[in-house]
Amino acid sequence: MTVALERPAIAAAKPARRRRFSLSAVTPYLQSAPLALILGAFLLLPIIMIVVVSFWDYDFAAMYPDFLTTNYSDVLGSWVTWKTYLNTIKFAVIVWALTLFIGFWVAYFLAFHIRTTAMQMVLFLVCTVPFLTSNIIRMISWIPVLGRNGLINSTLVHLGLVPKPIEWLLYSEFAVVLAMVHLYTLFMVTPIFNTLMRIDRSLVEAARDAGASGWQVLWNVIIPLAKPGMAIGTIFVVTLVMADFSTVQVMSGGQSASVALMMKNQMSLLQYPAAAANAVVLLVLVLLMVAGILRIVDIRREL
Amino acid sequence: MTKTTETKTGISRRSLLKTGAAAVGFAAGSGVITGFPTIWAQSNITLRQFGTGVSNLNAIADKCKADLGITLEMTATDSDAAAQRAVTQPDSYDIADIEYWICKKVFPSGVLQPMDVSKLKYYDELVPLFKTGKLTPDSVIAQGTAPHTVGYVEAQDSKTFAKAPTNWFTMVPTIYNADTLGIRPDLVGRDITTWADILDPAFKGKTAILNIPSIGIMDAAMIMEATGNIKYADKGNMTKDEIDKTIDFLIKAKQAGQFRAFWKSFDESVNLMASGEVVIQSMWSPAVAAVRSKGIACRFQPLKEGYRSWGGGLGLAAHLKGAELDAAYEYINWYTSGWVGGYLNRQGYYSANMVSAKKFMSEDEWGYWIEGKPAKGEIKAPDGTVMEKAGAVRDGGSFEERMGKVACWNSVMDEDRYMVKRWNEFIAA
Chain D
5 MTVALERPAI AAAKPARRRR FSLSAVTPYL QSAPLALILG AFLLLPIIMI VVVSFWDYDF
65 AAMYPDFLTT NYSDVLGSWV TWKTYLNTIK FAVIVWALTL FIGFWVAYFL AFHIRTTAMQ
125 MVLFLVCTVP FLTSNIIRMI SWIPVLGRNG LINSTLVHLG LVPKPIEWLL YSEFAVVLAM
185 VHLYTLFMVT PIFNTLMRID RSLVEAARDA GASGWQVLWN VIIPLAKPGM AIGTIFVVTL
245 VMADFSTVQV MSGGQSASVA LMMKNQMSLL QYPAAAANAV VLLVLVLLMV AGILRIVDIR
305 REL
Chain B
865 MTKTTETKTG ISRRSLLKTG AAAVGFAAGS GVITGFPTIW AQSNITLRQF GTGVSNLNAI
925 ADKCKADLGI TLEMTATDSD AAAQRAVTQP DSYDIADIEY WICKKVFPSG VLQPMDVSKL
985 KYYDELVPLF KTGKLTPDSV IAQGTAPHTV GYVEAQDSKT FAKAPTNWFT MVPTIYNADT
1045 LGIRPDLVGR DITTWADILD PAFKGKTAIL NIPSIGIMDA AMIMEATGNI KYADKGNMTK
1105 DEIDKTIDFL IKAKQAGQFR AFWKSFDESV NLMASGEVVI QSMWSPAVAA VRSKGIACRF
1165 QPLKEGYRSW GGGLGLAAHL KGAELDAAYE YINWYTSGWV GGYLNRQGYY SANMVSAKKF
1225 MSEDEWGYWI EGKPAKGEIK APDGTVMEKA GAVRDGGSFE ERMGKVACWN SVMDEDRYMV
1285 KRWNEFIAA
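These protein sequences, in sequence, are chains D and B.
With positions in the first sequence counted from 1, the corresponding number in my numbering is that position plus 4.
With positions in the second sequence counted from 1, the corresponding number in my numbering is that position plus 864.
Keep in mind that the hints were calculated from the coordinates and are not lab data.
Incorrect hints may appear among the rest.
Unchecked claim - Here's a subset of chain B near chain D, in silico, CB distances under 7 Å, partners left out:
| hint | residue |
| --- | --- |
| 1 | Phe1113 |
| 2 | Ala1125 |
| 3 | Ala1138 |
| 4 | Gly1140 |
| 5 | Ser1226 |
| 6 | Glu1229 |
None of these values were measured; they are calculated from a predicted model.
All C-beta atoms in this analysis are idealised placements derived from N, C-alpha and C, irrespective of residue type, glycine included.
Isolated chain B, as found in the complex (with noise of 0.2 Å):
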């Protein structure tokens, strides 16, 4: 399933460069230097971005252009797909819009270069998540793949990971959120507290998981970490032996047919909820919205365990450069600046710039979907179209409660192909 949106103008990206580089040299000449964007509108340079689709939104390359003058071209690719491209053709695109494990993946390649920290406007009111791997002083580091762990380089040209912040910034956060079951109310007959509950007998033929191999391992710990029946040293970065134990158990667990299906795509997943062939199943934050969107029962049940969280930011490609990268460091700056981080967190995903969004936001919106409280009014999605009526809760609760309780981050494993393999085996067993 590969989507492509491409936002064009007519005018070649090569007469745009050029022109983009005259007006810059022109600007530099006669030392009219104020600010970027005046710049910017008189020049029409473009950036191409590709990514995971979650944050391709044709809204903000509209937006960008309005605010920036920038051209975005945008095209959305799966996870595996885009881990590829940024390796294979890294002069194919400008900006890499990819999750943090894609970075682990593919940073180390050398075809995206660090930021210097101190051209990024907005560094400083991130989220300490991305620098510290801490929401709050006190909180827990989570497994697998944190973002912070990847988040910087030692030097300028450096490709490996540094152990703490330094001034080499290998991504900007953007896009994040926390995963976990999703059920339907009406017919669990019960409370649902724990990952285990997945394999309640009372649940037989009516459960589901979903077949992505990287993220289904991960949902597969969770569940069998809740059982009690192991421990992992790192949910995130398995040990062969602790492959062959998740994968076994599962393999018992649906041949003793506790799944109804094994879902790969997001509307699988909204069909098989909204038709109660399932009842409770692993699940994303936008597909249990649909589900709901139907006038059918769906929760994002918190569960005791935590979550399962994942995160994207933007990267430069190594080939920027002068005009273009002073270009890609002031759409980064942009894109920090609020106006994407409110369009986000309405759609029920976070931003990475909290502070900036909240100008953005009414105080309700921001009350229902940071602060946990009950909406005063009508919420709608950034399409106007209505997601909750007046007085609903947002599943989990405020934005401290619901990403401070990450357990494990989506990640790659040293042993990934192993993992796979295995994988093949559970969906043939």
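Pulled out of the complex, with its shape left as it was, chain D reads as follows (with noise of 0.2 Å):
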């Protein structure tokens, strides 16, 4: 999202030639216009809304305009945020940690031990292949696995492994980064394998004449050349976990809170002044976030 939000000011920000008024001059702006419309009428001005409604009061049936900071005194003010946003970024630091992991050794092993470009085209399919059913019912499928009578606890107790079910495998956190790493890690593994394939194999070779040992040539050439894929993942993944609900209700089977979760159920319940306020203080910790990142990997120099 933010990368598609550069790009036109990339475009608009080329020195105009100032002679004169000509057609070569407004070209930029006609280019970016449609893309710019369609970003200003369903990202921009919803968000514009959130944050005026965000300020409105309200009752169980209607919302009044008005200018009240109570929405966020409530929000801010309320030990069940703090704790929430705690939560919900424990979830994102794990998840993050963990996709992070598995998505850079997938891919490296797609991008350096696979020899054949056909073979590794077949195996990246292959890793897209679960996102051809919804991701509602890959999360769900795991209850029958991890539940009490589930496959893994029948198969455990059978075994005589364990005398009885374990009982955090489900509705538990355990459960919920269980899932979130099955959903996510391909938004990990994307990214860095494209930043992988484009790594010159001649400063592989260098290093190794230079004579660098393997772990060498990973730490010192390979990771630091695919940090931009790697921002990228961390900015997908960072942000579908903090915007998560479903998975952390399902999962979780009601015991734990997310910050989207809590949203949800002031929507459900009719207060959606409190809840716009709740959407804005997430999206400029969300920002503050990519930004941070942006920081730290700079995505558009590397790329």
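Two chains, each in its own frame: build the complex with the hints.
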């Protein structure tokens, strides 16, 4: 999303020749107009509306235009919010670390250990096969696997490895993290694979000639060059986890809270202004996180 | 989860109204008003009804069309959305099919008009629970938003609820039931007799309650009172202090790992029970039937403290007048005349007019559903699927036994917003 936003900005920022009005001077603006209009109508306008509504007053039946800060003081002044945000960030960090680790090695294997491009593409497509089903279905299908009488527990009990079913497999934070890692790893694999494929193989050879060990090549050559892919994957995963409500609700059995779930509760009770204030806070937080990632890795320069 | 069911005809509402009004005018002019049904059959009037889903059944719309010639356009929403729609879009419906606690929120805003009792053909046959709050003369009036407390207003243009029955009825009661805990008799391994049994350490990690604040808090209150920790003045209208105590108590039980899950939707509750994740939980009557239809033992366990009950009815939109208003009365009179009552009774709910409903049920059906007698033959749902085999007895027994033991009605509290806030803390804790 951010990447898409940058594009017209770059186009518009090109120094226009200022001699006199000519078609070529307005061309960049015309070229960026369709995207700008679409983003303006479907992204910017709704966000502005959310910000406006977040200051309104409400009761069970209606919203009243107003300028109140109580929605924000309610959101920021409650320990529930802080605890929920911390919980959501905790999920984001754990899921990010796991997807980065798994995603990098899958991409590394595809990029460096598979010889032919055809085979690389075939295996990459295999990775995407699960995405042909809805992610709700992929998530829910964990329930019969992890449940008290599920596949894993009945196998373990049957083999006599555990005396009674393991309870924490389902409706727990473990289940939430497992489902999220399962759902989001591919978002890490794709951009990292993309950057790894662009690495000039002669750099690796040069490093070897200079006497670097396998780990040194990985650490000093490949990982630094893969950083833009990791950053893009990180943005995907972090924003997805921060905005998730269905995975947390279903896999924790309603035991655990997430920011988006809190908003959903408020909306189902028709407390739209409160939910809007929450959305603004979340948006600011996620934008700060993305800005932080972009500060560490300059995606534009390295792409 | 907002489900929308609409039954529509090809002709626009406006044209229907015009023809309807013209037909009534013609009929009045020629002096042929004898019985309503014939007139509506000629004029094809349409009524728009919205409500909370349980009684928005297509079978009712079809039968209404066949019997009265009135086309029903039905829209189903969840209860919070229904309350909002009733108040904010009063012109978008003719009939409001809402629960009594929603009526308490909505009626004072003036979007509904009270009904003239003398125009209700079956008023005298309605169950007294909705008039005096007592099923039998010696019953105790239950806590919460009991239907009779919001059932009447003082005058036609009044918005304040009357203390005793008057000539002006806010809603005609249609459907109601008594809820309790559902259990897996094969897995609990002992008799369940009280709401407090859900806190038994033996069931640690095998219980669930529902995560819909306004109803969940009532179940929590039933549980908490059953443990003897607190005595509520009115469970349906707690003070801030009572809310705090209840929520703190829930948080403690949650952190001790007593609950396996908190469900939000009907199918979640069915799956939790059917998969054995949970052996005792808050449940709704049709969910128990759904678990049983999978061949899994499940019981809607009567408990000594009594039931948590809910009830809904039909209200008239304030904008109705003339021919439309007459059609709405005709529809309501038809609704209480028996066919619908029999249909609802056969689904395991209760009809507000038992006298007329009885005429539309077989002796065996009446015996099983209402009198609590063992079924003589197979008991079938309205769609023909077998619900119970011969010999089965309904959980909780007869109508009098079940509805006579209501401890509390679903309700809306004065401290509603505070309660929701604290409930969210419970879920986050």
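Of all the hints given earlier, name the ones this structure violates by number, lowest first. Violated hints (numbers, rising): 1, 3, 5 and 6; every other hint is consistent with the structure.
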